[in-house]
Amino acid sequence: DTGVSQNPRHKITKRGQNVTFRCDPISEHNRLYWYRQTLGQGPEFLTYFQNEAQLEKSRLLSDRFSAERPKGSFSTLEIQRTEQGDSAMYLCASSLGARSRSYEQYFGPGTRLTVT
Amino acid sequence: QQQVKQSPQSLIVQKGGISIINCAYENTAFDYFPWYQQFPGKGPALLIAIRPDVSEKKEGRFTISFNKSAKQFSLHIMDSQPGDSATYFCAASGSVSGSRLTFGEGTQLTVNP
Numbered sequence: 001d002t003g004v005s006q007n008p009r010h011k012i013t014k015r016g017q018n019v020t021f022r023c024d025p026i027s028e029h030n031r032l033y034w035y036r037q038t039l040g041q042g043p044e045f046l047t048y049f050q051n052e053a054q055l056e057k058s059r060l061l062s063d064r065f066s067a068e069r070p071k072g073s074f075s076t077l078e079i080q081r082t083e084q085g086d087s088a089m090y091l092c093a094s095s096l097g098a099r100s101r102s103y104e105q106y107f108g109p110g111t112r113l114t115v116t
Numbered sequence: 001q002q003q004v005k006q007s008p009q010s011l012i013v014q015k016g017g018i019s020i021i022n023c024a025y026e027n028t029a030f031d032y033f034p035w036y037q038q039f040p041g042k043g044p045a046l047l048i049a050i051r052p053d054v055s056e057k058k059e060g061r062f063t064i065s066f067n068k069s070a071k072q073f074s075l076h077i078m079d080s081q082p083g084d085s086a087t088y089f090c091a092a093s094g095s096v097s098g099s100r101l102t103f104g105e106g107t108q109l110t111v112n113p
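Top line first, the protein sequences correspond to chains A and B.
Reminder that position 20 of the first sequence reads as 20 in my numbering, one-by-one numbering, no gaps.
Reminder that position 74 of the second sequence reads as 74 in my numbering, one-by-one numbering, no gaps.
Check before you lean on any hint, since a few could be wrong.
Chain A side only, calculated, beta carbon under 10 Å to chain B, not exhaustive [claimed, not checked]:
1) 8
2) 47
3) 64
4) 65
5) 88
6) 95
7) 113
Now the in silico label distances, taken between C-beta atoms and shown as ranges [claimed, not checked]:
8) A/85 to B/5: 30 to 40 Å
9) B/58 to A/20: 41 to 51 Å
10) A/85 to B/40: 20 to 30 Å
Calculated cross-link-like contacts (lysine-lysine; reagent style BS3-like; alpha-carbon spacing at most 30 Å) [claimed, not checked]:
11) B/68 to A/57
12) B/42 to A/57
13) B/42 to B/57
14) B/42 to A/71
15) A/57 to A/71
16) B/68 to B/5
17) B/42 to B/15
18) A/57 to B/71
19) A/11 to B/42
20) B/15 to B/5
21) A/11 to A/57
22) B/5 to B/57
23) B/15 to B/57
24) B/5 to A/57
25) B/5 to B/71
26) A/14 to B/42
27) B/58 to B/5
28) A/71 to A/11
29) B/42 to B/58
30) B/57 to B/71
31) B/58 to B/68
Calculated directly from the structure, the hints in this document are not laboratory data.
Idealized CB from N, CA, C, for every residue including glycine.
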């Protein structure tokens, strides 16, 4: 399967702990996006990368959130000092990007975070 | 700030019927309008997408109708099947915004057998 993969699929953590999620995009996709989805809502944009450069961050992304994409391949999203309000599905998507003028974004299965 | 409004919130149709979901957007810089299908516990799957240079796009049983002047677009599912029961999201993006997607709130579709 050459789709977007995310790990772990589920994460339960206690309030105040740090968590890290990983996303592996579709091979050769140079754009990678992170979204957050709460129950009954549409996904909300968090941040995106063009290769290894983080080009935009949403105001939703507080100082406790940090994302990286070293070497322009996989990406990690870290949440420090988790809060109950961080409980959500964290989705990763990738696209070919501006080089090919393709805007089609393909999503991974998501990581379900529960903060107790 | 809700830039893409979607309706209805939920929809029940009979097998073989037509499902219609509507979306309206505000940002005139949007130039790409995809629809996603999401099953419980799964990520959204790209269904069909349209650009504003055409008024309609059809792929199998799925059709997008686009009205640029009204800033509205809709998804039509012909011959709806129980397997189509899922949550559908419209979205919009623009090249000037890095192509990040702004999603509607979703429509939960139930197709009764």
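Going back to the hint list, which numbers does this structure go against?
-> Numbers 1, 3, 4, 5, 7, 8, in rising order.
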